[in-house]
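Trainee: As you go down the protein sequences, you meet chains A and B in turn.
Using numbering that gives the first Met the number 0, you'd call the opening residue of the first sequence number 0 and step up by one each time.
Using numbering that gives the first Met the number 0, you'd call the opening residue of the second sequence number 0 and step up by one each time.
Derived from the structure by calculation, the hints contain no laboratory data.
Warning: the hint list may mix true and false statements.
It does not matter which identical chain is used: a pair holds within one copy or between any two.
What the hints assert, rightly or not - Straight-line alpha carbon distances no greater than 27 Å define the calculated DSSO-like cross-link-like pairs of lysine-lysine that follow:
| no. | residue 1 | residue 2 |
| --- | --- | --- |
| 1 | Lys32 | Lys110 |
| 2 | Lys110 | Lys33 |
| 3 | Lys110 | Lys48 |
| 4 | Lys81 | Lys48 |
| 5 | Lys110 | Lys81 |
| 6 | Lys33 | Lys171 |
| 7 | Lys48 | Lys33 |
| 8 | Lys388 | Lys152 |
| 9 | Lys174 | Lys215 |
| 10 | Lys152 | Lys174 |
| 11 | Lys152 | Lys171 |
| 12 | Lys388 | Lys354 |
| 13 | Lys388 | Lys174 |
| 14 | Lys239 | Lys215 |
2 protein chains.
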Amino acid sequence: MKSPELQILSLNAFSGGGASLAPDVAALVERRKKSFGAGSVLFYDEPLKIVRAEGAYLHASDGRAYLDFYNNVPTVGHCHPKVVEAVRRQVGEFNIHSRYLFDVAHDYAEKLLATFPASLSNLVLTCTGSESNDLALRLAKRMSGGTGFVVTKTAYHGNTATVTEVSPSSYKHGKPPSHVRTVPPPDPAIFGNDMAQGFADAVAAAITGMEADGIKFAGLLVDTIFSSDGVYADPPGFLKAAIEVTHAAGGLFIADEVQPGFGRTGTGMWGFARHGIEPDIVTMGKPMGNGYPIAGVVTRPEILSAFCGDFGYFNTFAASPLATAAALAVLEAIEEDGLIANAAHVGRHLMARLKRLQAKAPITAVRGAGLYLGVEFGTEDGPAPAIAKGLINGLRYRGILIGAAGQYGNVLKIRPPLCITIAHADMLADAMEELLG
Amino acid sequence: MKSPELQILSLNAFSGGGASLAPDVAALVERRKKSFGAGSVLFYDEPLKIVRAEGAYLHASDGRAYLDFYNNVPTVGHCHPKVVEAVRRQVGEFNIHSRYLFDVAHDYAEKLLATFPASLSNLVLTCTGSESNDLALRLAKRMSGGTGFVVTKTAYHGNTATVTEVSPSSYKHGKPPSHVRTVPPPDPAIFGNDMAQGFADAVAAAITGMEADGIKFAGLLVDTIFSSDGVYADPPGFLKAAIEVTHAAGGLFIADEVQPGFGRTGTGMWGFARHGIEPDIVTMGKPMGNGYPIAGVVTRPEILSAFCGDFGYFNTFAASPLATAAALAVLEAIEEDGLIANAAHVGRHLMARLKRLQAKAPITAVRGAGLYLGVEFGTEDGPAPAIAKGLINGLRYRGILIGAAGQYGNVLKIRPPLCITIAHADMLADAMEELLG
Numbered sequence: 000m001k002s003p004e005l006q007i008l009s010l011n012a013f014s015g016g017g018a019s020l021a022p023d024v025a026a027l028v029e030r031r032k033k034s035f036g037a038g039s040v041l042f043y044d045e046p047l048k049i050v051r052a053e054g055a056y057l058h059a060s061d062g063r064a065y066l067d068f069y070n071n072v073p074t075v076g077h078c079h080p081k082v083v084e085a086v087r088r089q090v091g092e093f094n095i096h097s098r099y100l101f102d103v104a105h106d107y108a109e110k111l112l113a114t115f116p117a118s119l120s121n122l123v124l125t126c127t128g129s130e131s132n133d134l135a136l137r138l139a140k141r142m143s144g145g146t147g148f149v150v151t152k153t154a155y156h157g158n159t160a161t162v163t164e165v166s167p168s169s170y171k172h173g174k175p176p177s178h179v180r181t182v183p184p185p186d187p188a189i190f191g192n193d194m195a196q197g198f199a200d201a202v203a204a205a206i207t208g209m210e211a212d213g214i215k216f217a218g219l220l221v222d223t224i225f226s227s228d229g230v231y232a233d234p235p236g237f238l239k240a241a242i243e244v245t246h247a248a249g250g251l252f253i254a255d256e257v258q259p260g261f262g263r264t265g266t267g268m269w270g271f272a273r274h275g276i277e278p279d280i281v282t283m284g285k286p287m288g289n290g291y292p293i294a295g296v297v298t299r300p301e302i303l304s305a306f307c308g309d310f311g312y313f314n315t316f317a318a319s320p321l322a323t324a325a326a327l328a329v330l331e332a333i334e335e336d337g338l339i340a341n342a343a344h345v346g347r348h349l350m351a352r353l354k355r356l357q358a359k360a361p362i363t364a365v366r367g368a369g370l371y372l373g374v375e376f377g378t379e380d381g382p383a384p385a386i387a388k389g390l391i392n393g394l395r396y397r398g399i400l401i402g403a404a405g406q407y408g409n410v411l412k413i414r415p416p417l418c419i420t421i422a423h424a425d426m427l428a429d430a431m432e433e434l435l436g
Numbered sequence: 000m001k002s003p004e005l006q007i008l009s010l011n012a013f014s015g016g017g018a019s020l021a022p023d024v025a026a027l028v029e030r031r032k033k034s035f036g037a038g039s040v041l042f043y044d045e046p047l048k049i050v051r052a053e054g055a056y057l058h059a060s061d062g063r064a065y066l067d068f069y070n071n072v073p074t075v076g077h078c079h080p081k082v083v084e085a086v087r088r089q090v091g092e093f094n095i096h097s098r099y100l101f102d103v104a105h106d107y108a109e110k111l112l113a114t115f116p117a118s119l120s121n122l123v124l125t126c127t128g129s130e131s132n133d134l135a136l137r138l139a140k141r142m143s144g145g146t147g148f149v150v151t152k153t154a155y156h157g158n159t160a161t162v163t164e165v166s167p168s169s170y171k172h173g174k175p176p177s178h179v180r181t182v183p184p185p186d187p188a189i190f191g192n193d194m195a196q197g198f199a200d201a202v203a204a205a206i207t208g209m210e211a212d213g214i215k216f217a218g219l220l221v222d223t224i225f226s227s228d229g230v231y232a233d234p235p236g237f238l239k240a241a242i243e244v245t246h247a248a249g250g251l252f253i254a255d256e257v258q259p260g261f262g263r264t265g266t267g268m269w270g271f272a273r274h275g276i277e278p279d280i281v282t283m284g285k286p287m288g289n290g291y292p293i294a295g296v297v298t299r300p301e302i303l304s305a306f307c308g309d310f311g312y313f314n315t316f317a318a319s320p321l322a323t324a325a326a327l328a329v330l331e332a333i334e335e336d337g338l339i340a341n342a343a344h345v346g347r348h349l350m351a352r353l354k355r356l357q358a359k360a361p362i363t364a365v366r367g368a369g370l371y372l373g374v375e376f377g378t379e380d381g382p383a384p385a386i387a388k389g390l391i392n393g394l395r396y397r398g399i400l401i402g403a404a405g406q407y408g409n410v411l412k413i414r415p416p417l418c419i420t421i422a423h424a425d426m427l428a429d430a431m432e433e434l435l436g
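From just these sequences and the hints, can you work out the full model?
Mentor: Have a look at this one:
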């Protein structure tokens, strides 16, 4: 049996055969294989060549506009005028590392930190979510004195050597080293109705297991909406008990907000807020610069100080004027465009439509919050990734982009730019209804 | 005794006391301490607030223009019109991850790969030099079956957990783990006149040492101009013998071109070319996007394939239209502006002036190639970091920005944008002459 990640990749990946490609696409695929080799992963049996983007739409070389329900990076909309303008202005003024002073990094840092509980008052800027999680693991190890981490079964937290170890979904074979222990995703099908207790017990058992093997616990690391596990948001507050277990065992709680952060869940800026908890470390990335590479770690000053006493840490491209100007424009656009309220409003409507669809389709669950929804497919034979794969390609030919997640790749992952409208949500629901009919 | 990195940092770092700061600078320093906490490192006793940049100059809030002999990222010049125009155009068209197709990533990849030996035909794009070195270590481990690396004594290769282990200069106390062994920098004061043999013998001894401890050798990783060790370029070709030792022991040679790459040495695009060698893996970063975060790993297809058989690797922000458009403009600017020839020409002139200065100042060596030069200070009492520190601050007040490197922080590190002129080089040499007089 193939590993989960391999299933997810193959579910949506270009296989190199099958569909006959348009000449411009075929030519690019050949160039791609030559330069990028085994590192190349393309979406779709018939890959898309993008030529332009705006708002909720990507425009392809086939002359069609594709409604984007996949991309969580351009969170305020593709080519948002405010972000475009900020980048165009700053790139012509200056762009330099942060060992010099300049205003915009501090305007940004203060505006960002104001969205966190008061205890989380220090920010380290990095370039990618991977760099943020890599640093977060080091902070947690230093503060706890431990080395062991608990993560979920199909977790993905990034691509550095160290972060891959806490990302079971990246293993094509084999499994994470012994200092990494996994717990099941917070699925009612596994834990029943008392999710808080069930998930906390699983975390406690994982800690007990690693300590029995002589590995001191350092922390619990979860994506607060469990994206790659298949999108789990409910019931609000269920994470609280697991955090208490983590703290009682001397570990730190790292909230990975790379995917749920910046308003996507529709209930505030951060996914952890939904659970009424205060993380020790928060990491963020993807939507932070609407595509400009910027990411960050927010933590308590004493956690950062302890680490900085041991190691020099400097990140050349991070906290630059250009990165922070782009990111500041994103924060302003989220506010000015009312995107958190929009995520809640459109997400609620889409959730209701998907739940109605559930009554007449092989859908085993509709989950999520705001504009991060998961639609799980299954039949009496179990998880049904073939249905998800059929939908992904079927929706592509109907002009809608989407992807899959979960251990079996049977969960349709809905995470559009936050600027989509009720009409866009209806276009997705209508198309799914037709395809599943 | 403080560790090398601590010395280097304190040599040029803002100490928080002493100079009375301009009100705008003092206010920013306070905001900075609050938001960035222990993670903040600022240059100079009296930090600079930057408001604008162009060509070889940074303009500060004190109304002065500072000639930049420090920054190796804006390699084609601050706010180069070609790069500014490329970013301004692409950011308004589209910016998305590379699981879709688009032209510019391939136009870039092919132009970049054409600068490498034919065997090095696959490119993985990342966002930072740290991510590139992190991936390179994984590639080398997979291909060699080993885990042990040899690096130089004061090496710096980046900031991830794994890359910090091969960066002795990042340790404020303690030292790298046992799978990392160090060799002295290629200094004639250590190895005498037969540098090739001496350095190769040191690498061989390090490999023998690790294998005696049961650690299988994976590779030799060096910055091909040994930047943080204090800048060592000569004699051309000396690295060849060490690479032969590496290959004979079953290891891979990783050339870290993050600092010397993209024409800085004046003898071609890459530092390794100076040594007539063909690396197994090449990493690059800093100047690649003239400040836009883009970095990369170039290797042989079979090395990349082996790794990709084990792990999924995807980098969301890398290989994007915006990143590759910026990087393509950099390659074009290097060509069109004749920057490699300029690095050779201006570098030769500056080297000659510095060597003349050596006769009348406490300079123990002038080293380097092209526009990466090192001026080492010492007296009969040994290395003289105080002279380097005095010069760094003295030059700042004369309107010239510069930094230090080396185990003792006694090497003035000269690495300006490659667009500087003979007149600029004379300004630096004149100012140094005055200050040392």
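Trainee: Determine for every hint whether it applies to the structure shown.
Mentor: Status of each hint after checking the structure:
Proximity of Lys32 to Lys110 under the C-alpha cut-off of 27 Å is restricted to the inter-copy arrangement: shortest distance 15 Å between copies versus 43 Å within a copy. When the C-alpha separation of Lys110 and Lys33 is checked against a cutoff of 27 Å, the pair qualifies only between copies, where the shortest distance is 13 Å, while the shortest distance within a copy is 44 Å. With identical chains, the CA atoms of Lys110 and Lys48 are at most 27 Å apart between copies only, with a shortest distance of 20 Å across copies and 37 Å within one. Taking CA atoms no more than 27 Å apart as the test, Lys81 paired with Lys48 passes in both settings, with 26 Å inside one copy and 25 Å between copies.
For a Cα distance limit of 27 Å, the shortest separation of Lys110 from Lys81 inside one copy, 17 Å, qualifies, whereas the shortest one across copies, 32 Å, does not. Proximity of Lys33 to Lys171 under the C-alpha cut-off of 27 Å is restricted to the intra-copy arrangement: shortest distance 23 Å within a copy versus 43 Å between copies. Taking the shortest alpha-carbon separations for Lys48 and Lys33, only the intra-copy value of 17 Å comes in at or below 27 Å, while the best inter-copy value is 45 Å. In the homo-oligomer, the alpha carbons of Lys388 and Lys152 lie at most 27 Å apart inside one protomer (22 Å), although the nearest pairing across protomers, at 52 Å, exceeds that limit.
In this assembly of identical chains, Lys174 and Lys215 lie within 27 Å of each other by CA distance both inside one copy and across copies; the values are 20 Å within and 22 Å between. Only within a single protomer do Lys152 and Lys174 lie at most 27 Å apart by alpha-carbon distance; the minimum there is 10 Å, versus 34 Å between protomers. In this assembly of identical chains, Lys152 and Lys171 lie within 27 Å of each other by CA distance solely inside one copy; the values are 14 Å within and 36 Å between copies. Taking the shortest alpha-carbon separations for Lys388 and Lys354, only the intra-copy value of 20 Å comes in at or below 27 Å, while the best inter-copy value is 67 Å.
Proximity of Lys388 to Lys174 under the C-alpha cut-off of 27 Å is restricted to the intra-copy arrangement: shortest distance 25 Å within a copy versus 50 Å between copies. Within a single copy, Lys239 and Lys215 get their C-alpha atoms as close as 22 Å, which meets the 27 Å cut-off; across copies the closest is 45 Å, which misses it.
In summary, the structure agrees with every hint in the numbered list given earlier.
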